[in-house]
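The primary structure of each chain is shown beneath.
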Amino acid sequence: MKVVADHKVVNIQYFSEENYVIQMESPVDIPKIKPGNFAEIKVDNTPGVFLRRPFSILDVDYENKLISFYVKVIGKGTRYIGLYEIGDQINLIYPLGNSFTVSDKDRKVLIVGGGSGIAPFILLGKEMVKNGIEATFLIGGRSQRDIILTKEFAKYGDVLVTTEDGSLGEKGLVTQHSVFISPQFKYDRIYACGPDPMMKAVAIIAQQKEITCEVSLENTMACGFGICLCCVTATQEGNKRVCLEGPVFNSRYLKWQI
Amino acid sequence: MKVVADHKVVNIQYFSEENYVIQMESPVDIPKIKPGNFAEIKVDNTPGVFLRRPFSILDVDYENKLISFYVKVIGKGTRYIGLYEIGDQINLIYPLGNSFTVSDKDRKVLIVGGGSGIAPFILLGKEMVKNGIEATFLIGGRSQRDIILTKEFAKYGDVLVTTEDGSLGEKGLVTQHSVFISPQFKYDRIYACGPDPMMKAVAIIAQQKEITCEVSLENTMACGFGICLCCVTATQEGNKRVCLEGPVFNSRYLKWQI
Amino acid sequence: MADLKVKIHNLEFKNPVTVASGTFGFGEEMAEFFDLSLLGGIFVKGLTIKNREGHVYPRMAETPSGMLNAVGLQNKGIDYFIDHIYPNIKHLDTHIIANVNGSTVEEYIEVTEKLNDLEKVTAIELNISCPNVKEGGMLFGISCPSAIAVTDAIRKVYKKTLIVKLSPNVTDIAEMARAVEGAGADSISLINTLLGMAINAEKRKPILSTITGGLSGPAIKPVALRMVWQVYHAVKVPIIGIGGIMNATDAIEFFLAGSSAIQVGTANFIDPMASLKIIDGINEYLNRHSFQSVNEIIGLLET
Amino acid sequence: MADLKVKIHNLEFKNPVTVASGTFGFGEEMAEFFDLSLLGGIFVKGLTIKNREGHVYPRMAETPSGMLNAVGLQNKGIDYFIDHIYPNIKHLDTHIIANVNGSTVEEYIEVTEKLNDLEKVTAIELNISCPNVKEGGMLFGISCPSAIAVTDAIRKVYKKTLIVKLSPNVTDIAEMARAVEGAGADSISLINTLLGMAINAEKRKPILSTITGGLSGPAIKPVALRMVWQVYHAVKVPIIGIGGIMNATDAIEFFLAGSSAIQVGTANFIDPMASLKIIDGINEYLNRHSFQSVNEIIGLLET
Ligand SMILES: Cc1cc2nc3c(=O)[nH]c(=O)nc-3n(C[C@H](O)[C@H](O)[C@H](O)COP(=O)(O)OP(=O)(O)OC[C@H]3O[C@@H](n4cnc5c(N)ncnc54)[C@H](O)[C@@H]3O)c2cc1C
Ligand SMILES: Cc1cc2nc3c(=O)[nH]c(=O)nc-3n(C[C@H](O)[C@H](O)[C@H](O)COP(=O)(O)OP(=O)(O)OC[C@H]3O[C@@H](n4cnc5c(N)ncnc54)[C@H](O)[C@@H]3O)c2cc1C
Ligand SMILES: Cc1cc2nc3c(=O)[nH]c(=O)nc-3n(C[C@H](O)[C@H](O)[C@H](O)COP(=O)(O)O)c2cc1C
Ligand SMILES: Cc1cc2nc3c(=O)[nH]c(=O)nc-3n(C[C@H](O)[C@H](O)[C@H](O)COP(=O)(O)O)c2cc1C
Ligand code: FES
Ligand code: FES
Chain S
1 MKVVADHKVV NIQYFSEENY VIQMESPVDI PKIKPGNFAE IKVDNTPGVF
51 LRRPFSILDV DYENKLISFY VKVIGKGTRY IGLYEIGDQI NLIYPLGNSF
101 TVSDKDRKVL IVGGGSGIAP FILLGKEMVK NGIEATFLIG GRSQRDIILT
151 KEFAKYGDVL VTTEDGSLGE KGLVTQHSVF ISPQFKYDRI YACGPDPMMK
201 AVAIIAQQKE ITCEVSLENT MACGFGICLC CVTATQEGNK RVCLEGPVFN
251 SRYLKWQI
Chain G
1001 MKVVADHKVV NIQYFSEENY VIQMESPVDI PKIKPGNFAE IKVDNTPGVF
1051 LRRPFSILDV DYENKLISFY VKVIGKGTRY IGLYEIGDQI NLIYPLGNSF
1101 TVSDKDRKVL IVGGGSGIAP FILLGKEMVK NGIEATFLIG GRSQRDIILT
1151 KEFAKYGDVL VTTEDGSLGE KGLVTQHSVF ISPQFKYDRI YACGPDPMMK
1201 AVAIIAQQKE ITCEVSLENT MACGFGICLC CVTATQEGNK RVCLEGPVFN
1251 SRYLKWQI
Chain E
2001 MADLKVKIHN LEFKNPVTVA SGTFGFGEEM AEFFDLSLLG GIFVKGLTIK
2051 NREGHVYPRM AETPSGMLNA VGLQNKGIDY FIDHIYPNIK HLDTHIIANV
2101 NGSTVEEYIE VTEKLNDLEK VTAIELNISC PNVKEGGMLF GISCPSAIAV
2151 TDAIRKVYKK TLIVKLSPNV TDIAEMARAV EGAGADSISL INTLLGMAIN
2201 AEKRKPILST ITGGLSGPAI KPVALRMVWQ VYHAVKVPII GIGGIMNATD
2251 AIEFFLAGSS AIQVGTANFI DPMASLKIID GINEYLNRHS FQSVNEIIGL
2301 LET
Chain L
3001 MADLKVKIHN LEFKNPVTVA SGTFGFGEEM AEFFDLSLLG GIFVKGLTIK
3051 NREGHVYPRM AETPSGMLNA VGLQNKGIDY FIDHIYPNIK HLDTHIIANV
3101 NGSTVEEYIE VTEKLNDLEK VTAIELNISC PNVKEGGMLF GISCPSAIAV
3151 TDAIRKVYKK TLIVKLSPNV TDIAEMARAV EGAGADSISL INTLLGMAIN
3201 AEKRKPILST ITGGLSGPAI KPVALRMVWQ VYHAVKVPII GIGGIMNATD
3251 AIEFFLAGSS AIQVGTANFI DPMASLKIID GINEYLNRHS FQSVNEIIGL
3301 LET
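Protein chains in written order, with this note's numbering: chain S, 1 to 258; chain G, 1001 to 1258; chain E, 2001 to 2303; chain L, 3001 to 3303.
It is possible that some hints are incorrect.
[Unchecked claim] Distance condition first, Cα-Cα at most 20 Å in a straight line; then the derived PhoX-like pairs of lysine-lysine:
# : chain 1 : residue 1 : chain 2 : residue 2
1 : L       : Lys3076   : G       : Lys1240
2 : G       : Lys1255   : L       : Lys3076
3 : L       : Lys3076   : G       : Lys1076
[Stated by the list, open to error] From chain S, some residues computed to sit far from chain E (all C-beta separations above 10 Å):
#  : residue
4  : Lys2
5  : Gln23
6  : Glu63
7  : Thr78
8  : Leu83
9  : Gln89
10 : Gly169
11 : Ser178
[What the hints assert, rightly or not] Listed below are several chain S residues computed to face chain E (Cβ distance under 10 Å; list not exhaustive):
#  : residue
12 : Val73
13 : Tyr84
14 : Gly87
Hints are computed from structural coordinates only; laboratory data are not their basis. Where a beta carbon is used, it is the ideal one built from N, C-alpha and C, also for glycine.
Using the sequences and the hints, build the whole thing.
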C-alpha cells in the first residue's frame, strides 16, 4: 500500500535562494523506499497550483520516520514549498514509480547527476555501499553554488565535479568531464538524472561504450500513480507512463530523438 | 483618491475562536475615515477565495497609520485572515461606501449593534463625543462570549447588553430590550447594524416611534467600489449599490419586505 | 447510516459515487490505495477497437482551478481489455462500466458487441464527447442527428444498461439529451471536458502537443451543474453528474441539480482517497439534514 | 518603451489594454483609482433602450477561480447615458465604446442610432451574448441566422467601428465569427461569460436569484484562449480577446492566440489597478523579448 498522509515539516535547509532540502516527519512507518522512487507533494494555498508536484525521495530515516527532498526552485510550487514553516503539515503520497537497478554483478558504476537530478542518488549510493559496488559520482552544475551535497555523496564513493563556469571542479558540461576519455574508464553501468539534453548525451556515450545506462526521466504529471496517462514517454514498446513504468528507464528502451 | 496598498499586520487579538480584531499598518497616510466606511480585504493564498472581502473599518490611528477591523469567522476568508502572522502583508482598498449621518441637531441617539455589526460603531461613537451628542449603545449577541468591546463603547456612551441565553445583560433579542418600552425612551436617531432580521425589527420600531433610523446593510460584493452592480438593494428610487450609495441607508428609503 | 443506494436504469448501485473514465485507469493501479469494492462503480478508461498510442507529449497543462488534457484515448484496444484487464478486475464488488469510443458508428458497434458477453461489465458509457480525437466522437456528440445515429445503432446491439456521455461543447445541451434519450439511452452522463487551450507565453507555443485539449476540474463545475440542471428538466432517464467534483459538498450540489449518481474525475489525481471521503461526506450530510436516503435529495433544488 | 499602439478597424488605440463592459461601470467610479486616459479604451456598461433595474438580489456567486453574475443589464437607459454620463466622460483621452443591447432587432437599432451622434463614442460593441437576460441577446448570439440579422441591421445604421461580441455558449464559434464578419462586423470581441450555476448545498437553493448566471474569471481563460485562436483562423477582422485576463502574461497569451487588443474584466474587481499593471507588463515582455511593437506578437503562436 502507498502512504497518503500529512507529514510534519521538521527542517528546511537552504543552500541558496534556489536550492533547499526539506525534511518531514511521517505519522506512520515509512515503507521501504528504493532509489529512484518519488513522492507527490500537495502544495496547499498557492494560487495557480492545482495539481501535486513530483519529487524524488532524497533520503529516509526509517527509525525516526523522516523523509527528505531536495528542491530546486522552478516556479510557484517549488518556491512555496520552501516557505513552509517548521511544524506545518504537507500531504505526501509515496513511494511512487520504479527504481534504479542494483545488480550484484556490477563492480563499478558511474552515477551522473545534474541540477535537481542528483536527488535520487543518495539512496542509490547507500545501496551501492550495501552491495559492495564501487560508485563514482559525477555532479554537474552551472556554477559552484549549484554543487551541493558533495560531502554526503563522498560517503558512498568518489565525487567528480564539473561546472559550466569552472568555479568548481572541471570546467564544462558533465559529459565533457575527463573521466569519459580516461583510459581507465571502465564501468559496468551508468546512471543519469538531470536535464533531458544531459541524459541524452550520457546515453549516447554509454551506447558508444556499450555500457548499460539507466536514466530517470522528468515529465509533467497530473497524478503520479498511473491513472491519468498524461506523463508518457515513447519506448520500443509504445508509450509508457513515466510515473509508473518509470521514471527509471534503460536508455536503449527509450525512443529518444538522439 | 482611494488607498490601494499592502498593509502590514501588527496585531491580532482573539476574543474567542470566532471573533478577533486585526490591526494593520498603512504604508501611506490614512485618509479621513468616516463612520460606516469599509475596506475590501484581499485574502491571498486561500483555496476557494477568489474575490476580496468587505469589512467595516473598526478604528483608525491616523498618527501611527494604523487601521483595524473586527472580524467574525463565517467561512473560508474570515477564518484565514485571522491566521495571518505579524509582519505579513495584506492588500486593502479603502475608504469605501458612504457613512452614517452625524447631525449636530441630534441630542441623544441609540446605536444598535449585533454580531459583527458593532464594527462601525467605535468610529461613530467618537463622532458623537466630538459633536456633543449623547449616545447609548445597545449590543446584542447569542451569549456572553459574543459581547465584546463593551469597555471601548463605554468611552463614548452608555452601554446596554442583551444576550439570547441571558448570560450577560438582559435576556432576549436586542429589540426586546427594556429600553424600547421605557417611558424615558427618547432618541433623535437610531443607528443599526447587524443581521438583516435585527435591522428590520429595529427599523419597524423606529418607524412606529417616528424616529429616523439608519441601517448599514450587508450584501455579497464582487468589487466593493461600484463597478460590478452585484450588490444592489431595492430602494424607493430603484436598485442602489450597497457598496457605493450604501452601505448606510435611511431605513425608510429601503424597499424591505418588512 | 443513511441509505446510499441509487438506481441507474435497472442497476442498483451501493452508493452514488463512481469514478470518471480516464481518471482512474482500469482500477488496478488504485487498488494500492483502497478497496475498490467500496465504490458505487468504476467507469474504466476509454476503449477503442484497436490499440491506440494516444498523443505525443506534452499531454497536460495546469490551468486556474483545473487542467487540460490531451491523452487522446491511449489504450491497448478492446481485445486486450477482455483478455488481460477484465480478468483482474471482474472479482470487484462494484459496477464496472466500459467507456466505448469509435471514429465511425461501425467501430462503436464492434467495441460494444465484444462487451456484451462480459458478465461483470454491467453497463457501457457511450463516449460521444471526447474533444481530443476523432475516435473520441466529439463530432458525434455535437450534432443531434449523429448523436441519434450512434446511440440508435448501439441500442440495437446492446441489451444491458446504455449510458450516453454528453459533450458540454454545444449550444443546447437539453436538445442533445432529449435526442439520445429518444434514441434509447437508459441514462445520460455529463459533462465531458470543455475544449480549451493553454499557451506558454515565454516560449510562444501551445503547452499541449495537440494545441487544444479537454478542460476538467473545479473550474468547470458551474458549467457542469448548469447543464445537469437543464438536462434534468429535459429528460426522464437518470443522470450521472460529472465535472469538478472535489468533495461531498460538490456532490450534494449535483444531486440537488438532478443527478442520480456522480463521477469523481480530476479529484482522483490530487487525492486518491477523494471518492471514499465523498461517500462519507454524503452520508454525513444526509444524517445532519435528516434524510433517510440519497434518493430524497435528487433534484430537490428549490427554485 | 515598446510601441504599444494597435489598430482596430480604422481606430488607433494607444495601447491594446481596454476594460470589459460591465466590469468598469461607466468609468466614473474608477477615476478615483487612476487616470483613465492611460487605458487603450473603455467598454462601458451595457446599454438598453429603456431603464432596466436588473435582477433581484443575489446577483453574484463566487466559484473556483471565477464568479457568476446575474446583474441583468441594470442601466438607466440610453437617453440617461447621453444626457448624464457621456458629458462626464467625453473629455477622456481614450476610446469610449458603447455596449449595445436589445431584446429585438429594433431595440438594437434604436440604441445604436442614438449613439451615432456621440463624437467621442468611437465604436459600439454589439452584445449578442449576455446570458442573463432576453435583452442581452444571447438568443441572437447562439444561432447564425439571428446573429447575421442583427449585425446586418446595425451595420446599415452605424457608420463607425462595429464590434460584435460573441457568446462562448455555442457549438461552433468559428462559424459564428464568420457569420458576423460576413454581415459587416469590423471587429469581433470574445468571449462573453459561460452560462453556469451555483448551488448552496446547505440551503438547497441556487445562489443566484436567476438560478443560472454568467461565469467569468481565470476559470474560463482556457476556453477563451481556444475560441480566440479558432476565430483568428476563421476571420480577417481584428479580434479583441476577453476572458480571465488577470495579468500581463495572460494578456500576452491572448495576443499570441490572435487578439489585437484585450479587455480586462473580472480582474478589475480584485485589483482596480490591474489594467495599468498589464500595460506595464506587456511593455516589459516586449522589451525582454526584443520586440519593437505589440503588433509583432499578434497571432505569433508557433504551432
Ligand atoms: C519523477 C520526478 C522527480 C522529480 N524530482 C525532483 C526533485 O527531486 N527535485 C526537484 O527540485 N525537482 C524534481 N522534479 C521536478 C519538479 O517536479 C518540478 O520542478 C516542479 O513540479 C515544478 O513545479 P513549480 O510549481 O515550481 O513550477 P511551475 O510553476 O508549475 O512551472 C514553471 C515552469 O517549469 C515547467 N515545468 C514544471 N515542471 C516541469 C517538469 N516536470 N518537466 C518539464 N517542465 C516543467 C513549466 O512548464 C513552467 O514553464 C521531479 C520531477 C519528476 C517528474
Ligand atoms: C459593507 C460590509 C461590511 C462588513 N463588515 C464586516 C465586519 O466589520 N466584520 C465582519 O466580521 N464581517 C463584516 N462583513 C461581512 C463579511 O464581509 C463576510 O462575513 C465575509 O465576506 C465572509 O467571507 P468568508 O470567506 O469568511 O465566507 P464565505 O466562505 O465566502 O461564505 C460563508 C457563507 O456565508 C455566506 N456569506 C458570506 N458573506 C456574506 C454576506 N456579505 N452576506 C450574506 N451572506 C454571506 C456565504 O453565502 C456562505 O454561505 C461586512 C460585509 C459588508 C458587505
Ligand atoms: C486525463 C483525463 C482523461 C480522460 N479520459 C476520458 C476517457 O477516456 N473517456 C471519457 O469519456 N472521458 C474522459 N475524461 C473526462 C472525464 O471522464 C470527465 O468527464 C471530465 O474530466 C470532467 O470531470 P472532472 O472535472 O471531475 O475531471 C478524461 C479526463 C481527464 C482529465
Ligand atoms: C458583473 C459583470 C457584468 C457584466 N456585464 C456585461 C455587460 O453589460 N455587457 C457585456 O457585453 N458583457 C458584460 N459582462 C461580461 C464581460 O464583459 C466579459 O466578457 C466577461 O466577464 C469575461 O471576461 P473576464 O473573465 O475577464 O471577466 C459582465 C461581466 C461581469 C462579471
Ligand atoms: S502522471 Fe498520471 S499516469 Fe503518470
Ligand atoms: S460590489 Fe460591485 S457594485 Fe457594489
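Structure-based check of all given hints:
1. About 12 Å separates the Cα atoms of Lys3076 of chain L and Lys1240 of chain G, which keeps this hinted pair within 20 Å; it holds.
2. About 19 Å separates the Cα atoms of Lys1255 of chain G and Lys3076 of chain L, which keeps this hinted pair within 20 Å; it holds.
3. Distance restraint check for Lys3076 of chain L and Lys1076 of chain G: the Cα-Cα separation of roughly 36 Å exceeds the 20 Å cut-off, and the hinted pair is therefore not satisfied.
4. The non-interface label for Lys2 of chain S is inconsistent with chain E: the shortest C-beta to C-beta separation is roughly 5 Å, within 10 Å.
5. At roughly 23 Å from the closest C-beta of chain E, the C-beta of Gln23 of chain S stays outside 10 Å, upholding its exclusion from the interface.
6. Even its closest Cβ contact with chain E, about 25 Å, leaves Glu63 of chain S beyond 10 Å, as expected for a residue assigned away from the interface.
7. Every CB of chain E lies more than 10 Å from the CB of Thr78 of chain S, the least distance being 13 Å, so the non-interface label holds.
8. Every C-beta of chain E lies more than 10 Å from that of Leu83 of chain S, the closest at about 19 Å, which supports listing it as non-interface.
9. Every Cβ of chain E is farther than 10 Å from the Cβ of Gln89 of chain S; the closest lies at roughly 14 Å, confirming the non-interface assignment.
10. Its beta-carbon lying about 31 Å from the closest one in chain E, Gly169 of chain S satisfies the requirement of being farther than 10 Å from that chain.
11. Ser178 of chain S, annotated as away from the interface, keeps every beta carbon of chain E farther than 10 Å; the closest lies near 35 Å.
12. The restraint placing Val73 of chain S at the interface with chain E is violated, with a minimum CB-CB distance near 16 Å, outside the 10 Å limit.
13. With its C-beta approaching chain E no nearer than about 18 Å, Tyr84 of chain S sits outside the 10 Å limit, and its interface hint is violated.
14. At a threshold of 10 Å, the smallest CB-CB gap from Gly87 of chain S to chain E is about 22 Å, leaving the interface hint violated.
The structure fails to meet hints 3, 4, 12, 13 and 14 from the earlier list, while all remaining hints are met.
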